[in-house]
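Colleague: Sequence:
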Amino acid sequence: MAAESTSFVGNWREWTMHTDLWNFALKLYARPGVEPACLLWQDLGGDVCLLLCGAWLSARGVAANEQRVRQLTELADDWQTEVVKPLRTLRQSWRDKAGKDPQLAGLREQVKGLELAAERILLERLETACKDWAATPEAGLDWISGLAPEGAGAHHDALHRLRVVMLMTQDADEGV
1 MAAESTSFVG NWREWTMHTD LWNFALKLYA RPGVEPACLL WQDLGGDVCL
51 LLCGAWLSAR GVAANEQRVR QLTELADDWQ TEVVKPLRTL RQSWRDKAGK
101 DPQLAGLREQ VKGLELAAER ILLERLETAC KDWAATPEAG LDWISGLAPE
151 GAGAHHDALH RLRVVMLMTQ DADEGV
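Per the numbering used here, the sequence shown starts with residue 1, numbered consecutively.
Don't take each hint at face value.
Unchecked claim - Computed beta-carbon distance windows for the label pairs:
1. Pro102 / His160: 39 to 47 Å
2. Gln42 / Ala129: 18 to 26 Å
3. Lys100 / Arg70: 43 to 51 Å
4. Gly113 / Gln71: 28 to 36 Å
5. Ala129 / Ala30: 22 to 30 Å
6. Arg70 / Leu104: 34 to 42 Å
Said to hold, decoys possible - Below, simulated DSBU-like cross-link-like pairs (lysine-lysine); rule was C-alpha separation at most 30 Å, straight line:
7. Lys100 / Lys112
8. Lys131 / Lys85
9. Lys97 / Lys85
10. Lys112 / Lys97
11. Lys85 / Lys100
12. Lys131 / Lys97
13. Lys131 / Lys112
Rather than coming from a laboratory, the hints here were simulated on the basis of the structure.
For every residue, glycine included, the Cβ atom is placed at its ideal position computed from N, Cα and C.
Model the full assembly from the supplied sequences, consistent with the hints where possible.
Modeller: Here's what the structure looks like:
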C-alpha cells in the first residue's frame, strides 16, 4: 500500500462511515505503526487487504462472524493467489538486481504499480461484498482474530500488537 494521505473531517467513526475502503486503507496505512503491523501480519501469512477491510468494518461498528469472515476470505484468496502474490514475488525477486540495473529498476517500479492496482481492485471487491452490512452492537468474534491466518494463534503477541496499533490509530483520530 502506498503511504498517501486523505483529508480528514470529523471524528474517525463519522469519517469512516462516509469513505470508501480504499481511502480508509490509504489513511490507516499512513499512520505511525500501521505499516510494520501490516508487514508482520503478512509475514504470519495474513492478507493485508483483508486486515485493512476488517479494520474498516470494525471502525464502522460492523460485527464479525464466521459467515462474514468466510465470505471475505473466499473472495480474497483467489485474487491474492492468482494476481497479487505473483506480482509481489516478481517484484521482490528483482530487488537486488534492480539496484544495479536502472532499466530493471524501472520495470520493477511498474510491477510495483501493478501490485498496488491489484490490491486496490481487491479492496473494491471486498467493499462491494460488505458495504451493506449494518453496524450492530453485538459482540463476538473480532475481525483480527477472525481474519488471522491459520496458525497465527501461536503468535498471539503479534495479533495483540496489531489490535493495539489499530486502536491507537482510531483513538488518535478521535482525539482520545
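Colleague: All hints, please: hold or fail.
Modeller: Results for each hint:
1. A C-beta distance of roughly 43 Å is found between Pro102 and His160, which places it inside the suggested range of 39 to 47 Å.
2. Our hint of 18 to 26 Å for Gln42 and Ala129 holds, since their Cβ atoms are close to 21 Å apart.
3. Range check, Lys100 to Arg70: Cβ separation about 45 Å, and the 43 to 51 Å hint holds.
4. Distance hint for Gly113 and Gln71: a CB-CB separation of about 29 Å, consistent with the stated range 28 to 36 Å.
5. Range check, Ala129 to Ala30: about 25 Å between beta-carbon atoms, so the 22 to 30 Å window is met.
6. For the pair Arg70 and Leu104, the supplied restraint of 34 to 42 Å holds, since their beta-carbon distance comes to about 40 Å.
7. For the hint linking Lys100 to Lys112, the alpha-carbon distance of about 18 Å falls within 30 Å, and the restraint holds.
8. Between Lys131 and Lys85 the alpha-carbon distance is near 25 Å, which keeps this suggested pair within the 30 Å criterion.
9. Our distance criterion of 30 Å between C-alpha atoms is met by Lys97 and Lys85, whose separation comes to about 20 Å.
10. Among the hinted pairs, Lys112 with Lys97 is consistent with the structure: their alpha-carbon atoms are about 15 Å apart, no more than 30 Å.
11. Between Lys85 and Lys100 the alpha-carbon distance is near 24 Å, which keeps this suggested pair within the 30 Å criterion.
12. Among the hinted pairs, Lys131 with Lys97 is inconsistent with the structure: their alpha-carbon atoms are about 42 Å apart, more than 30 Å.
13. Proposed proximity of Lys131 and Lys112 is supported: the alpha carbons are some 28 Å apart, at most 30 Å.
Going through the hint list in order, the structure does not satisfy hint 12, though it satisfies all others.
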